[in-house]
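Same order as they appear, the protein sequences are chains Z and A. Under our numbering, the first residue of the first sequence carries the number 1, and numbering increases by one thereafter. Under our numbering, the first residue of the second sequence carries the number 1001, and numbering increases by one thereafter.
FYI, nobody ran anything at the bench for these hints, they're computed from the structure. Computed from a predicted model, the values in this text were never measured in an experiment. It cannot be assumed that every hint is accurate.
[What the hints assert, rightly or not] Listed below are several chain A residues computed to face chain Z (Cβ distance under 7 Å; list not exhaustive):
# : residue
1 : N1065
2 : G1089
3 : T1090
4 : D1140
5 : Y1253
[Claimed, not checked] Where chain A lies over chain Z, by a calculated footprint (3+ residues, C-beta under 8 Å):
# : segment
6 : 8 to 20
7 : 48 to 56
8 : 155 to 164
9 : 196 to 205
Virtual Cβ for every residue (Gly too), placed ideally from N, Cα, C.
Protein chains: 2
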Amino acid sequence: MCYGAIEAGGTKFVCAVADENLKIIKKVQIPTTSPQETFKQIFSFFNAYDLKAIGIGSFGPIGTNPNQDNYGYILATPKKGWTNFDFLGTLKKRYDIPVVWTTDVNAAAYGELLMGAAQGKTSCLYLTVGTGIGGGVIMDGQIFQGIASPEMGHIYVKRHPQDEYEGICPYHHDCLEGLAAGPSLEARAGIKGQDLPIDHPVWDIQAYYIAQALMTYTLTLSPEVIVLGGGVMNQDHLLRKIRQEFTTQMAGYVETPDVEEYIVRWGLPNKSGIIGSLLLAQTIS
Amino acid sequence: MCYGAIEAGGTKFVCAVADENLKIIKKVQIPTTSPQETFKQIFSFFNAYDLKAIGIGSFGPIGTNPNQDNYGYILATPKKGWTNFDFLGTLKKRYDIPVVWTTDVNAAAYGELLMGAAQGKTSCLYLTVGTGIGGGVIMDGQIFQGIASPEMGHIYVKRHPQDEYEGICPYHHDCLEGLAAGPSLEARAGIKGQDLPIDHPVWDIQAYYIAQALMTYTLTLSPEVIVLGGGVMNQDHLLRKIRQEFTTQMAGYVETPDVEEYIVRWGLPNKSGIIGSLLLAQTIS
Ligand SMILES: Nc1ncnc2c1ncn2[C@@H]1O[C@H](COP(=O)(O)OP(=O)(O)O)[C@@H](O)[C@H]1O
Ligand SMILES: Nc1ncnc2c1ncn2[C@@H]1O[C@H](COP(=O)(O)OP(=O)(O)O)[C@@H](O)[C@H]1O
Ligand SMILES: [Zn+2]
Ligand SMILES: [Zn+2]
């Protein structure tokens, strides 16, 4: 008996199988093509195992309300062919076992809480700053979910005084994701984030927006710790700038833990999601 | 046996006693002076009753984390004499009965959920737009509380293109409260909200900020319904404008219930807090 996990992303799927102690037995990457083609490969991977349960962390937006018809579906996504695809139903039809269905970032938050940078806490916010910006929340050890999956990357933000970039979100232009995800960083500076010199002024703008968002999440959700992941967060100096900006913007209004402990980097780089999904599978079997 | 409730505000305290069916037996208003003087009057009111439990909804910020030393305290408040006052301890020393301690807006949210505009739901956000802006959240029928009490009135917002008002928050200048609470509305227009003509351009700015905040709360908390209260929300046309703006700003990104049902006005005008506090008292006795 073993646990299965799927981290479903817009460019690739990661599928893994682990033993009862959550030791990973096998892991594969599947490019995200059409749902049919992708699932063919998912099935051919999992078919070799006697699975007890599966945990899924999926790109979104997704239907997460069990009382709604779209539960288990991928909703309106720019990813061709996936809008209104019945992800959970497709999987359940093949494997008659318990499945946990949540967002990629919720799964990552869960992974970080139990085995990563938020170990020992009962709540955390996980925020990825990569191709997009997305957040997952654990409260009292449980995935925090309202009537829809949170899409906290799309909040509007106060402008940095030196920033006139129009923003890149197809829905909102200058929401957080539109101003501070990897592609907007690149568009504003004309250079990819990984190639941008540390002293480029764009990093101040970047830190300003991320810090502001962390302030908003703090004032609404008040998690014990905020874990940052994603490609853009590979920059040490950015993390330092974010912490400084956060302190400046909060202006001492609400007491938060020491910023070095409150705002941290992921403890399971690029693995929080798949490990969180395995951990979620374990919870229901 | 009866239940007691305190709605603690910066200008006045409302104290109430209700019977086992939550029918209010007596209610008084006490002006907020010094903690000592105010509590003298609170005690003299409650002493006449055999109380089973007390529910408190207090102005803030307050210490709401039972694991911290400041639990039950009023924290840094501009209200003279109240910073670091041990509210809960003072009450507990006098009455050795169960007490529920939460923010004024959480109590109001609870009241609205069980007996007001959010009846029949299991989650709601209550937002007051009055002298300040504050929000309370119920999730799964319980007060939602992270490590600190939420102070969601102080999130930063994207500027309305026609608004150059600097903002009035002593901590953040142009946070939501600094730009859209009653006093800022008055400062921007030069006229009190209650006297402002319906066609004054300031209402568009007002609606823009409130709607934007509701979008942020939706994307982070995703409640079933948002209940708006407070003096400024006495304006019918403002509620309509907020709904329109909310729809525009969301740009269809996340599915939310029909906006007429999703964004509503309080069902217990000026009473949500005290009724919520009574209901909370009932939960622990
Ligand atoms: N070291 C780095 N510094 C800054 N930006 C980076 C770095 N590495 C990757 N990025 C940016 O992060 C984005 C990709 O994010 P990533 O988290 O790797 O993938 P995804 O979000 O698609 O899962 C790209 O915009 C890329 O330019
Ligand atoms: N009908 C109204 N229209 C617009 N603004 C109003 C109205 N009534 C009161 N206000 C404003 O609301 C604020 C007071 O809010 P209120 O909720 O009554 O009190 P508080 O927040 O202090 O408990 C003041 O700024 C006042 O100008
Ligand atoms: Zn957006
Ligand atoms: Zn403020």
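Against the structure, the hints come out as follows:
no., hint, verdict
1, N1065, "9 Å, violated"
2, G1089, "19 Å, violated"
3, T1090, "21 Å, violated"
4, D1140, "10 Å, violated"
5, Y1253, "5 Å, holds"
6, 8 to 20, "violated (count 0)"
7, 48 to 56, "violated (count 0)"
8, 155 to 164, "holds (count 5)"
9, 196 to 205, "violated (count 0)"
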